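Participant: So you can see what is in the structure, the chains are spelled out below.
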Amino acid sequence: MGLIRVEDLRKVYRVDQEKIVALSRINLTVASGEICCILGTSGSGKSTLLNIMAGLEKPSKGRVVIDDVEVTALSEKDLALFRQKNIGFVFQSYNLMPTLSAIENVAMPLMFRGISKDQRNREAVKMLHAVRLGNRLLHRPTQMSGGQQQRVGIARAFVAHPKIIFADEPTGNLDSKTTKEVMEIMVGMAREYQETLILVTHDQDIARYADRIVTIVDGNIQADHTNESAFPAQRQEKAQELTTVSGGKAE
Amino acid sequence: MKWNDMVAMSLSSLFKRKVRTLLTVAGVVIGTCAIVVMLSFGIGIKKTTDDMMQSMGDLTVIQIENYSPSPDAEPLDDAMLEKIRALPGVQTLTPMFDVDSSAFQIRSGKYVYGGQITGVYMDALSEFGYEMEAGKLPEGTVEEGAILFGKDALYNFYNSKKNNNNMIYPEPDATGKVPDPYVNPMEDKLELVLRKTDDNNKKTVKPIKLKGLGIMAQDWSKNPSPGYSVFMDVKYARSLVDQYNKLNNIKVDKSKKFQYNGAVVKALDIKSVESVQDSIKAFGFQTYSMDSIRESVEQQTRTIQMILGGLGAISLLVAALGITNTMIMSIYERTREIGVMKVLGCVIGNIRAMFLIEAGMIGFIGGVAGLIFSYMLSFLINTLAANGGGVMGLGAGGQISIIPAWLALGALVFSTMVGLVSGFSPANRAVKISALTAIRQE
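Protein sequence lines, in the order shown, are assigned to chains A and B.
According to our numbering, the first sequence is numbered sequentially starting from 1.
According to our numbering, the second sequence is numbered sequentially starting from 1.
Since the hints were derived computationally from the structure, they do not count as laboratory data.
Certain hints may be false.
What the hints assert, rightly or not - Estimated spans, in silico, between C-beta atoms of each pair: (1) A:74 to B:372: 41 to 51 Å; (2) A:138 to B:4: 18 to 28 Å; (3) A:116 to B:300: 53 to 63 Å; (4) A:193 to B:3: 29 to 39 Å; (5) A:218 to B:4: 31 to 41 Å.
Please read these numbers as outputs of a predicted model, since none were measured by experiment.
Just so you know, even glycine gets a beta-carbon here, dropped at the ideal spot from N, CA and C.
Pulled out of the complex, with its shape left as it was, chain B reads as follows (with noise of 0.2 Å):
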C-alpha cells in the first residue's frame, strides 16, 4: 500500500466524523497553545530582562565602591588596584577619584565650571568604551592638563559676572532648538584655579592652563554616566589636591592612608564576571555589578518559565487522553471495517500506520491550528501590553510574549509526536483484531 493512499484512507476516516475530530483536535489545539504562549512568556519575560538589564548597564563592568572602608581593610589605593587589576578574567580598571569642587574652579573667561571633577585613568578608557563626539581619547601618557568635558556637563559653564541664575538646559527651547554650551571645550582657553579658603590668605594664585582633548558623548549604561562627567588624570587631579592642600595649609593626617572613593573594573568577558567579583570581594571590597542582579533576575525567570512551561504539559497530557480516547473509540466503530480490510488482503503494517497517520495527524492540525492562535494571542498581549504601558512592569513598549521559529517548529514535532504516542496503543489493538470476529459481527 502506497503512503499517499494510507494518508488519503486516514485523512478520509478523519472527516467523516467530522464533530469528533474537531472536539478532539480542540483539545491538541488548547494544549499547543498554552505551552507555547507560557513558552514565550517566558522567552519575552527573559529577552525584556536582558534587554533592560543592557541598557542599565554594561554587563562585564564591576563596580567598587569604597565609601566606608573598614579601619583594618587594605586601603583602595594604586598598589591594590595593581593587585586587581593581575587578577585573571580582568581587561582594565580605573579609580574614581572626586576631586571636592570647592577645591579648584575651572574657568573660561567669565564662564566657571560649577560641576564635578573626577580623576581617573586616562589610557583606560577607550577600553571601558567611551564614545567621543568631539576629540579624540587619550591614549598612553597624558599631558598635565589635559581634560575632558562630558556632552552635558558642559552645561554646568555659568556666567560669574552675572547674579541672576543663567543656567541653560540642553533642552529644546521656544524656538526648538537646542542652545549650544556657553563653552566649547575644543576652541576656548580654558584655566584651572586653586581656590582660597580664607580671604585673607595673601598668597598669590596662578592660574593652571588646562587643555581640553574632546568631548564625551552620553551613554548611560556607564557609570559614572560619561555625558555629565569631567576626567583628568588621577595622578594630576591629586597633584592639585596636595597643591590646594599647601596653599590653605591643610594639614593631612600622615596616619591615615590614602584611598580611592571607588574603582570601576572590566573583566573580559561575561564569565569572567563572577570570578574577579568574588576575588575582589575577598580583598574586602563591596562590588556591584549587572550579572549578581542577573542571576536572580534569571532564577526568578526560570521558574515563572518552569511554572508556565508546565500548565501547558498537563492541557497537553489532558490532550494526548482525548486522542487516545477518540482513537480507542474509533476502532470499535471501525472493527468491522478493519476485518475487511484484513480479509481483503491489507496487511498489518499498513494498518498499523492508518492509524498512526491518524492519531499523528489529530496531533499535526492540533499543532498547526495551536500555533495560529498562539501567534493571535501573542500579538493581542503584546498589543495590549504596550497600550497598557508595560503590564506588570514588564515590557513597556516592548514584547512580553516572543515565539521564536524553534520554539514553533518544537510545538508542531511535539504536537505530532502526542498524537503518535497517544495512538500508538490504539493502533496495535487495531492490529490485533481478529479478521474473522470482525466481519462476523453485524
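Bound-form chain A, shown alone (with noise of 0.2 Å):
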C-alpha cells in the first residue's frame, strides 16, 4: 500500500449558478520516499488535488488517505495537529514570516510542536547549513533575494522531518538559474532524508527532477509515467516498481 492514496477524488466548485469541476475523479497512490510531480496547466486541478491532499480543501467525493489516517474526514483541530506531525510545505511565494529572522522561520513548525527554543534553533541552523544558508542565520525575508528566501522555505519544510512535503509551485517566482539551485537543493533533501516529496508545477523542465510525473487535464490524470530521463542515478527503484501497481490511471 502507498503512502499516500486518493480515492475517487471529485471537487466541483459552485460560482454563482454554474458548476466548476476542477478534479472529476481522481485515483493516484504515491508511495514512501516517491519524489511526484504534478504536471499541469494553470486551471487543470493540480493546485486543487495539492490541497485536498494536504487537508486544506474538502473534496465534493472521494477520500485521502495518509499513512492509514482519512485526511478527508478530519476536523480542523486533527489536520492542524496532522499537519503538524506529517507534512510539509513550500510555497510559491515562500511565505516567510517577515518579522522573524531565518533561524526563527525556518524553527517555526518546531515551535508549533511544543519543542523547546534551544533545540529547535539548533535544528534550524542544521537546515540552514544543509540549503547553504550557513551565512544568512539572523537575516529576515526582506533582507534576502527570492532564492534565498525559498531555501529558508525548503529549510522550514524539511526542519521537522515530516513524511510527506508538499511544493506549489515553488520556483514559479525565481529565474531560472535559482530554479535549478533550488530544485537540486530539494530533491536532494528529499531524497537524503528519503522523504516523499509531492511537487506541482506547470513546467516540464522541472518535472525533470521527480521519480513520476503525473500530468493532469482538465481535471483528470492524463497520464502517469517514471520519469527515466533525469537522474537515472539518484532514482529509487521502489518508485519505479510502484508506479506499475499505483492503479490510479485515468484513461
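Put the two chains together into one complex; each comes in its own frame, and the hints tell you how they fit.
Facilitator: Given below as C-alpha cells:
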C-alpha cells in the first residue's frame, strides 16, 4: 500500500449558478520516499488536488488517506495537528514571516510542536546550513533574495522531518538559474532524508527532477509515467516498481 | 506550542507595530488613569471626612439637648435618664447640669475660680474615655466635695485681691515657657463658698471643703471638652443649689419639674447609634451625633465617587473599542501570516491564545503605565493640595487622593480583562480565517 492514497476524488466549485469541475475523478497512490510531480497547465486542477491532499480543502466526493489516516474526514483541529506531525510545505511565494529571522522562520514548525527554543534553533541552524544559508542565519526575509528566501522555505518544510513535503510551484517566482539551484537542493534533501515529495508545477523542466510525473488535464489524470530521463542514477528502484502497481490512471 | 513561545510571538508582533501599539496602549493608559485617579479621589475624600469627623467627635456619642423643652414633654430628669439607659445599645450616660456660676465660688486662698461648673455622673466619666493628666477618675460612689478640674480650666483662677486683670493663659510667655496655673487642685486647699444675692443678708456662710480628685487632659473630640470643664457629682451640685436657694430665700416654682440642661449618651458601638438616637428622639428630645452628619457626608461622597468612577469607565470603554479596532486591523494585516501558521500546523487554540495574549498585553501594559501615571498624578495633586492649603476645603494638609493596594491591583486586573474581552472577537475572527484563502492572498 502507498503512503498516500487518493480515491475517487472529485471537487466541484459552485460559482453563482455555474458548476466548475476542478477534479472529476482522481485515483492516485504515492509510495513512501517517492518524488512525484503533478504536472498541468493553470486551471487543470493540480493545485486543487494538492490542497485536498494536504487537507487544506474538502473534496466534494472521494477521500484521501495518508498513512492509514483518512485526511478528508478529519476535523480542522485534528488536521492542524496532522499537518504539524506529518506534512511540510513549500510555497510559490515563500510565505516567510516578515518579522522573524531565518532561524526563527525555519524553527517555526518545531515551535508549533512545543519543542524548546534551544533545541529547535539547533535544528534550524543545521537545516539552514544544509540549504547553504549558513551565512544568513539572522537575516530577515526582506534582506534576502528570492532564491535565498525559498531556500529558507525549504529548510522550514524539512526541519521537522515530516513524512510528506508538498511543494506548490516552488520555483514559480524564480529565474532559471535559481530554479535549478533550488530544485537540486529540494530534491536532494528529499532523497537524503527519504521523504516523500509532491511537486506541483506547470513547468516541464521542473518535472524532470521527479521520479514520476502525473499529468493532469481538466481535472483528470491524463498520463502517469516513471521519469527515466532525468537523474536515473539517483532514482530509487522502488519508485519504478510502484508506478506499475498504482492503479490510479484515469484513462 | 509552549506558553512562552506564544507570549514571545505576541510581543514581537506588538513591538513590530510600535506606533499603533503605543497609541492603543495610550488609550488604556488614559482610561486606567482616569478610573484610578477618580476612585482615589473618592477614597481620599472619604478618608479625609472620616478623619475630620473622628477629630470632631466620638462617633458613638449622642448629645441630648434640652435648652427649650416643650411644656408637655416628659422632663429630662433622673427617671428619664434611667429609661434611656435601659435602651438596647446604650453603654452609659450622664446628665449635664450646668451650675449658675453666680451661685457659688471655688476658692483657693486668694485665688478664685471664675468659670463654669457642671454636675455629672462622676462614675460614668471613665467609660466616656476621659483621660487624666493627674489623679484618677472616680470609680463607684464619690465623697461629697470631690471635684475634677480640666487642665485648661485651671487657668480660670485669678487673684481676687488685685484689681487689675491678672489672668494667665496656657500659652508660652516671652521666655517660651508655658506658665503654671495659680492653683494645683491636687495639692492646694480648695473651698466652696455660697454667694449672697443681698449684701444685707446677715446669715453666716461657712465655706465647704472640696477635694481635688484630678486634672483632666484636653480632648477636643468630646463635648463638653474636658480641658475646660469642672465636674462634680450631679447630686451634690443639686444639693448645693438647694442650699444656695435657702440662703438667699429663693422660692422654687414647685409646679415646674426639675430638668437637666442636657445629657450625653454613649452607645455600645457605631451600629447602635442610629437606633438609640431614634429612640431618644421618640421620647421627645433633640439629639445630635456625629453619625447623623456622617451619613449625609457619606452619601455625598458616594455620589462624587460614582460620578468620577463613571467618567473613568467611559474612558476605559473608549479604550476597549480602540483595542478591538487595533486587533481587527492587526488580523487583517496578518491574514496571510495566520494562514501560513495554520498550514504549517499551528492549532487553532494556539492562534486564538496568541491574539488574546496580544490584546491582554495591550490592556496589561496600559494598566501598568496607567498606574504609574496615576501614582504620579496622585502625588502631584496631594502636593498641590497640601501647599494650597486644602483646595475645595478638603483635607488641609491631608491626602485628597489615595491609591490603596487593592485599587492598584484591581486596576491591573481590570485593564487586562478589558484587553482580553476586547480581543475576544478579533481572536475568534483570526481562528475562522481559512488557511487556503489566506495563503492565496497576494
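Participant: If a hint holds in the structure, say so; if it does not, say that too.
Facilitator: Hints, one by one, checked against the model:
1. A:74 to B:372: 41 to 51 Å: holds (49 Å)
2. A:138 to B:4: 18 to 28 Å: Cβ of residue 138 (chain A) to Cβ of residue 4 (chain B): about 21 Å, so the range 18 to 28 Å holds.
3. A:116 to B:300: 53 to 63 Å: Between residue 116 (chain A) and residue 300 (chain B), where Cβ atoms are some 59 Å apart, the hint holds.
4. A:193 to B:3: 29 to 39 Å: holds (31 Å)
5. A:218 to B:4: 31 to 41 Å: violated (50 Å)
Hint violations for this structure: number 5 only, all remaining hints satisfied.
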